[in-house]
Amino acid sequence: MLALFYILAALSVVSALIVVSARNPINSVIALVVCFLSIAGHYILLNAQFLAMVHVIVYTGAIMVLFLFVIMLLNLNTATEPMKSLGMRVAAVTGGGLLFITLAAAIRHGVTISATNDFDPGVGLVKTVGHVLFTEFLLPFEVSSVLFLSAIVGVVMLAKKETPSPHPLSDGEGLTPAELERRR
Amino acid sequence: MIAALLLLIPFLTALLLVTMRPTQARPIALVASLASLAVVLFAWISYTGGTVIHYDYDWVNAWGLRFVVGYDGVGLLMVILTAVVFPFIIGAGYGQPEDRPALFNGLLLFTQSFLYLVFLAQNALLFYIGYELTLIPVFFLLLFWGGADRRAITVRFFIYTLVGGLSLLFGIVYLLIQSGGNGDFTALANLSIPTSTQLWLFWALFLAFAIKLPIFPFHSWQPETYYMAPIQGTMVLGAVMLKMGLYGVYKLVFPIVPAGVEHWQTTVIVLALIGAVYGGVIAFRQSDFKRLVAFSSLSHVGVLCAGLFAWNTYGISGSFYQAFAHAILVLGMLYLVGAMQERTGTTDMGAMGGLKGHAPRLAALFLLVLVNAVALPLTQSFVGEWLMFAGLWQVNGWLTLFALTTIVIGAIYMLYAYQRVMLGPDRANVTLQDAGMRDHLYLVPLIAVTLILGVYPGPILELVDAPVQQLLSSLSVH
Amino acid sequence: MEEGIITAIRIVPLEHYILLSFLLFSIGAAGVVFRRNTIIILMCLELMFNSVNLLLTAFSAHHSDPRAQVFVFFIMLVAAAEVTVGLSILVMMKRNVDSVDVNQLNRLKG
Amino acid sequence: MNQDLLAALVPALPLMGAIILASLRRKLSTNAAGGLATALMAGAFVCSILLFMGFDATTGGRTVKLLDWIHVGSMEIPLALRIDALSLTMMLIVTGIGSLIHLYSIGYMHEDERAPTFFAQLNLFSFAMLMLVMGSNFLITFIGWEGVGLCSYLLIGFWYKTPEYNYAARKAFVMNRIGDVGMVLAMVLLFQRFGTLEYATIMDAATGFNDPMMIAATLFLFIGATGKSAQIPLFTWLPDAMAGPTPVSALIHAATMVTAGIFLTVRSSVLFELAPFTQDIILWIGTATALIAASIGLFQNDIKKVLAYSTVSQLGYMFVALGLGSYSAAMFHVTTHAFFKALLFLGAGSVIHALGGEQDIRKMGGLKGHIKITFLTFFIGTIAISGLPLMSGFFSKDLIMAFAFDRSPVLFALLLIGALMTTFYMFRLLFLVFYGKYRGNAHPHESPLSMTLPLMVLAVLSVVGGLLNLPHLFGGHEAMKHFLMSAADGISNESLELSHVTEWTLMGITTALVAVMIYIAYGRFAQKATLEGNEADMPFFKRLIAQRWRVDELYRALFEKPYAWLSTNLFSIAEQKVMVPIMNGVGAAANSLGDGFRRLQTGYVSFHMLAMLAGLILFLVITLMSN
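Chains as they are written, first to last, in numbering that gives the first Met the number 0: chain P, 0 to 183; chain S, 0 to 477; chain R, 0 to 109; chain X, 0 to 626.
Simulated from the structure, these hints should not be mistaken for lab results. Don't take each hint at face value.
For lysine-lysine, the following PhoX-like pairs were computed, each having C-alpha atoms within a straight-line distance of at most 20 Å [claimed, not checked]:
| no. | chain 1 | residue 1 | chain 2 | residue 2 |
| --- | --- | --- | --- | --- |
| 1 | P | LYS160 | R | LYS93 |
| 2 | P | LYS159 | R | LYS93 |
| 3 | X | LYS436 | X | LYS362 |
Given these sequences and hints, build the entire structure.
Shown next as structure tokens:
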């Protein structure tokens with residue numbers, strides 16, 4: 000069992016690293032899908048069946064497809080991204096590393112965790128989670144539909160083609176900031 | 000009921016004026032301020048002593064902020080002062096702007112409402128909120144209708160005052176931590192703070208008031224701001240805003256950090272008196288009438304603050320009495336500045352002179368205002384100054400002598416100003432309107448108040464006497 | 000099988016999950032700083048979301064409390080909404096600035 | 000009639016007059032205004048006389064409380080009047096001479112279109128002066144004290160169109176104010192010591208106190224007195240105060256206001272008796288003032304300036320008397336001086352009126368034929384002030400001189416020199432104005448009855464005034480001294496232990512020398528057709544005196560100019576170069592702080608994310624550390 004955990008963990012960490020480091024966005028997306036699937040594996044290990052299902056459907060099935068669509072739509076599948084300055088990259092790695100070390104140190108020294116409830120292996124079953132969701136969290140659940148509604152409205156607003164108007168970021172000669180920077 | 004009326008009448012009228020922008024803004028504002036004056040007079044008549052609490056609601060208990068409003072005698076005096084002053088400020092016919100009069104008068108009424116909040120608050124945080132709120136309408140008054148260079152001067156004034164406010168907030172927060180989150184004045188007064196803490200806490204609290212008053216060397220914002228502000232703005236600043244500093248010292252500094260006061264008393268008195276002399280000496284050679292009023296105010300306030308820090312019955316009572324007198328005086332002087340400005344088109348005294356022949360009635364009114372300025376007996380100022388000198392004497396004779404030089408200095412610059420404005424040979428080719436109905440309507444009541452309270456100061460002194468004595472007797476250190 | 004799962008919850012120590020999710024979170028955070036491509040930054044955000052979800056679920060299982068899993072469910076909802084809005088902003092950005100480089104969006108500069 | 004009501008009426012009548020006249024000043028004619036003012040003053044005089052008649056000296060006096068004025072803590076200062084021998088004496092002088100001068104002013108101010116204002120201010124002055132003398136405590140006296148200062152300012156600057164007059168008015172007010180500082184100090188000190196400011200209480204409680212505080216208090220009172228009574232070093236305002244209309248000079252700057260200092264000292268005689276050191280200072284300042292002012296008087300060419308310096312000099316004599324502890328002599332001289340100096344001023348006014356405003360005695364002369372009544376009365380005034388035997392000035396001045404001799408012959412000699420100078424300059428004035436040939440080109444005409452009547456009354460008083468306090472030597476029994484004794488305890492300590500022979504000898508010497516001076520003056524000035532007047536030709540010392548010892552110039556260089564310099568530079572340097580930049584520093588600090596933080600806003604998402612990470616790490620580290 001422990002071995003299974005380690006394999007899944009290694010898989011998710013490695014794929015996460017690929018997400019961050021891949022030059023081509025397509026590769027990043029694929030790696031992220033792998034990462035999400037491994038996380039779904041973790042959910043199954045934890046007997047969170049409901050979450051595992053939802054996770055695969057929502058993330059891997061919907062969100063990642065959306066990402067792929069956008070990449071395809073915007074034609075981003077080439078590694079055109081300019082690299083950041085060396086200082087920033089070093090800072091990023093150091094920052095991430097430090098964060099991990101600090102967090103790890105925190106649980107090493109600070110926190111002892113003991114279970115509060117009697118052990119019940121069935122908490123992650125659809126039945127249990129569904130019961131809680133539709134009793135205790137009914138209102139937030141309903142309200143979340145409003146969130147989606149507003150997200151839909153927002154997306155429609157944003158994605159709609161604007162009537163052409165002088166762009167706020169341009170310099171008035173029809174040049175976009177990207178072009179301006181290129182000329183510089 | 001009274002407190003609600005006081006807070007709401009000006010506030011709601013101001014809201015009405017600012018949102019609806021009616022054409023008859025000034026009469027509406029005037030009626031509102033007169034109505035609030037009537038309420039205050041009723042409160043005064045029905046006041047029988049002690050501390051009256053009108054409302055006591057919890058608000059944000061976790062921060063020690065409770066809505067407790069009421070007044071003791073001194074607070075009532077300040078409320079009366081505010082109520083008396085505002086009809087005069089709104090009624091002052093000079094300096095009313097042509098553009099956006101509704102907004103102008105609305106902002107004035109907002110100021111009044113917030114001032115009431117300051118003087119009625121019985122909770123330190125509530126006091127602080129009112130104290131800083133008053134800045135906002137005044138800021139816009141100065142920014143929209145000020146004179147030359149208004150932007151820079153207003154921002155300077157604002158920042159400088161806010162620095163003081165920050166220090167006050169720091170002091171109050173410290174006190175709240177000490178008191179376990181109870182911000183009521185009564186609770187704070189019962190704290191026993193170690194002397195070493197009081198020594199610095201005194202300055203944290205006092206700095207805001209020192210800037211607001213202002214006393215030397217925190218005064219530099221004042222002359223330019225007074226000079227630049229529209230006349231009504233200067234009236235607000237000089238007649239009531241600075242009294243918040245005085246009241247703050249009485250309410251927040253004296254009862255809470257008595258040991259600090261005892262330690263710094265002489266320092267503050269000396270600073271205040273240096274300012275008094277400094278302002279008075281500078282006023283002598285000022286060629287601009289409005290700047291002269293600014294520096295003279297600095298001088299008067301120096302004595303006021305010294306009297307307050309004499310920290311005995313006479314000093315404190317005298318100081319508050321004088322605060323009233325000073326408000327009336329500032330109104331009168333600034334009205335005259337406006338009157339002269341309208342007639343001569345300038346506030347430069349070099350361009351005046353020889354006006355008495357053209358406007359004898361105006362000269363006579365000026366003289367009557369001036370009599371109060373130099374604190375001649377049987378005017379209001381004299382009662383205050385006498386009490387302050389008597390109070391100061393109990394602290395230190397040399398300081399009293401130092402303070403007394405201001406009566407000479409005051410006479411020097413005031414009479415010189417009168418001469419430069421009014422006296423001298425008649426001007427050729429000048430047609431000048433003498434004081435008319437509106438000038439009399441404005442100045443005669445002011446002068447009457449001055450003289451009546453100079454001859455019969457009893458009603459006001461009674462208000463102040465009891466709470467001050469109670470305060471002093473409650474201070475174990477003293 | 001069920002027995003095996005039950006032991007899995009018991010066998011794998013909670014600390015392991017915590018460390019794993021910390022690691023994923025840190026990688027995501029570093030990625031946000033590391034990359035200039037906005038779409039990858041969005042992906043890194045997803046990664047961080049998921050590390051948090053994983054942690055919540057691990058705790059939920061450990062404490063036998065289903066409410067944390069409901070919470071994860073809500074986070075997924077929010078993440079879905081966030082991604083749609085984020086991606087549409089990306090589309091906007093591409094359309095307007097002709098680039099997906101975050102450094103183009105430095106109008107917040109003081 | 001009720002005595003309390005009468006007492007209240009005395010100051011109330013002039014106050015009423017002032018208010019009525021001030022508010023109706025545009026509608027009243029000169030005659031109506033003057034008539035009303037004079038009538039009210041006469042009314043006050045009648046009230047004073049009634050009070051005097053009903054006054055019983057043995058009771059010591061009564062206090063009439065009108066109002067609670069200032070009442071704070073243990074400080075109780077009522078608005079109350081005190082009727083006793085001293086205040087009655089002063090009331091009679093003020094209202095009596097005041098009425099005459101009001102009457103005189105009707106004629107004098109007839110041409111002036113602002114006469115109603117003048118009468119209003121004159122009435123206001125009378126009110127203030129009456130408050131001063133009638134106050135039952137120091138603070139009420141101080142009301143009058145400052146009030147007369149204000150009225151003096153207004154009346155000196157009455158002709159406001161001349162800048163010099165305004166300057167003189169301001170100078171008078173400011174110098175008085177310097178004295179007032181002393182007065183206030185004295186009051187706060189006495190209040191601290193006695194817990195009250197009531198004269199009666201303080202004087203009763205003071206006996207037995209003898210400490211440095213008493214010296215300080217009396218010195219402060221004396222500083223107040225020097226301001227009001229024009230003693231060294233605050234005397235230079237009084238000659239300048241002659242800028243006012245002549246009745247003002249007569250009433251304020253000769254008869255009443257300037258004697259306030261003497262009144263105050265007599266009022267607090269008990270305190271001064273306890274402070275011999277102060278008395279010595281008063282003595283020497285009085286002597287110096289008497290001599291210096293008299294010496295200046297010798298060379299003045301303005302008829303009113305001569306009288307002004309004479310007044311300063313005579314006030315010096317009164318202070319000498321106070322310094323010697325002979326309060327009754329001082330009050331006696333106050334009274335007689337009020338008679339003859341008012342007479343002289345009014346006479347001078349009549350001369351000026353006759354010549355259409357001319358004040359320079361070099362342009363007068365030979366007027367005795369033209370304006371007979373004025374001449375006669377002025378002559379009586381001159382011999383009265385010179386102290387010719389049996390005139391009022393003779394008795395009062397000789398009393399002071401006798402006291403001085405009792406103390407020290409040197410003092411007597413100094414005072415004698417002063418008296419001789421007085422005689423000389425007064426007769427110089429008399430001869431130059433009325434004898435010889437007329438040197439001007441106006442047409443002298445006698446003044447109307449409203450002006451000459453007061454002259455005649457005052458002339459009579461100047462002659463018979465000595466009877467008020469006729470010494471034992473002449474068969475009297477010092478009536479005034481005994482009357483005043485009930486009010487001023489200091490008087491009972493007076494003792495004059497000179498034998499009659501000595502007194503006769505002193506009088507003889509004085510009279511003989513005075514006669515010699517008159518003869519010299521007659522020889523030099525009586526027949527002058529022209530007058531040497533060029534200061535440049537005089538020897539140095541003489542020139543110095545003629546230029547008034549250059550005190551004005553000294554004060555200007557020492558105080559006025561440095562003060563103006565200070566005022567200008569405090570503003571331009573201390574305020575604008577130091578204080579304002581300091582304040583701007585606060586703003587600049589806020590500004591640069593904001594500028595610094597602004598740089599942090601790079602606008603790059605990754606930078607903000609990094610900052611967030613750093614913050615998170617820092618927070619965690621701090622939390623871990625503190626655990």
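Do the hints match the structure? See the list:
1. For the suggested pair P:LYS160 and R:LYS93, the alpha carbons sit about 12 Å apart, so the restraint of at most 20 Å is met.
2. The suggested pairing of P:LYS159 with R:LYS93 holds, with an alpha-carbon distance near 13 Å, which does not exceed 20 Å.
3. Taking the CA atoms of X:LYS436 and X:LYS362, the gap is near 10 Å; set against the 20 Å cutoff, the hint holds.
When held up to the earlier numbered hints, the structure conflicts with none and fits them all.
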